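Colleague: Using my numbering, the letters of the sequence shown map in sequence onto residues 3 to 200.
Quick caveat, the hints were computed from the structure, so don't treat them as lab data.
Hints may be right or wrong, so weigh each one.
FRET-style restraints, in silico, Cβ to Cβ [said to hold, decoys possible]:
| no. | residue 1 | residue 2 | range |
| --- | --- | --- | --- |
| 1 | ARG17 | PRO99 | 48 to 58 Å |
| 2 | SER6 | VAL141 | 55 to 65 Å |
| 3 | GLU191 | GLY93 | 27 to 37 Å |
| 4 | SER152 | ASN15 | 43 to 53 Å |
Calculated lysine-lysine pairs in the DSSO-like style (CA-CA distance at most 30 Å, straight line) [what the hints assert, rightly or not]:
| no. | residue 1 | residue 2 |
| --- | --- | --- |
| 5 | LYS104 | LYS131 |
| 6 | LYS91 | LYS131 |
| 7 | LYS143 | LYS91 |
| 8 | LYS91 | LYS104 |
| 9 | LYS104 | LYS143 |
| 10 | LYS131 | LYS143 |
Note that the structure is a prediction, hence the values are computed from the model and not measured.
Beta carbons are placed, not taken as given, at the ideal position from N, Cα and C, and that holds for glycine.
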Amino acid sequence: VGLSLAAAVAMENARLFDETQRLLTETEQRAAELAIINSVQEALAAELNIQGIYDAVGDKIRAIFRQADVGIRIHDPQTDLIQFPYFFKDGERLTVPSVPMKEAGITAHVLRTRETLVINEDMPGAIAKYGSRMLGPAVEKSSVFVPLISGDRAHGLVNLLDMHREHAFSQSDVRLLQTLANSMSVALENARLFEETQ
């Protein structure tokens, strides 16, 4: 009886140790996320022009997710065009011409549903499923699309992509990107209101 009790206590201690380690790691991760969010908020506070906000947030996201590329897409309701004010692919900043908004496609889906879309495998299958088209000859292995929401509509999205790995983005990566997108939406709305009053 003494040995089985000692074994049970040892197993419970091991379980509690593992749980403590998990909580400690989670706490450290949250602290790191808060530091990142604060640094983005500081960058946004310094920017009053809209392109400056795209650049500040895009650059911060690229610094956080070093392996990933970043794109920001904005829907202009007046022209019904999708604009690409910030786009990095394979580590290189690209100028992507505006394209007409379509009924189908990943961008249309995210803007319509106002929900984050995570594609961690079979990107060609997802492109076909949503009726999308590829931007360039190479297709990414993983991608996250987070809507930029202002009021009751999504006016754009932030796209994080990894050209080399499937399952490149964890739930905490997605959560962090959503928080940064929310901060960017607020800053863009403030900049738009500031421009209107000038």
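Colleague: Measuring from beta carbon to beta carbon, are SER152 and ASN15 in 43 to 53 Å?
Modeller: Roughly 51 Å apart at Cβ, these two residues keep to the hinted range, so it holds.
Colleague: Evaluate the given range 55 to 65 Å for the C-beta pair formed by SER6 and VAL141.
Modeller: holds (57 Å)
Colleague: Would you mind confirming whether the straight-line C-alpha gap from LYS91 to LYS131 stays at or under 30 Å?
Modeller: Holds, at about 23 Å.
Colleague: Straight-line Cα separation of LYS104 and LYS131 no greater than 30 Å?
Modeller: With a Cα-Cα distance of about 15 Å, the restraint between LYS104 and LYS131 holds, given a limit of 30 Å.
Colleague: Between GLU191 and GLY93, is the Cβ distance one that fits in 27 to 37 Å?
Modeller: Once the Cβ atoms are compared, 31 Å apart, the range 27 to 37 Å for GLY93 and GLU191 holds.
Colleague: Is the hinted pair LYS104 and LYS143 satisfied, with a Cα-Cα distance of at most 30 Å?
Modeller: Judged against 30 Å, a Cα distance of about 23 Å means the pair holds.
Colleague: Are LYS91 and LYS104 close enough, with their CA atoms no more than 30 Å apart?
Modeller: holds (22 Å)
Colleague: Against the 30 Å threshold, does the CA-CA distance of LYS131 and LYS143 hold or violate the hint?
Modeller: holds (16 Å)
Colleague: Under the criterion that the straight-line Cα-Cα distance not exceed 30 Å, is the pair LYS143, LYS91 satisfied?
Modeller: This hinted pair holds, its Cα atoms lying about 13 Å apart.
Colleague: Tell me if the beta carbons of ARG17 and PRO99 are separated by a distance inside 48 to 58 Å.
Modeller: At roughly 57 Å between Cβ atoms, PRO99 and ARG17 fall inside 48 to 58 Å, so the hint holds.
Against the hints set out earlier in the document, no violation occurs for any number.
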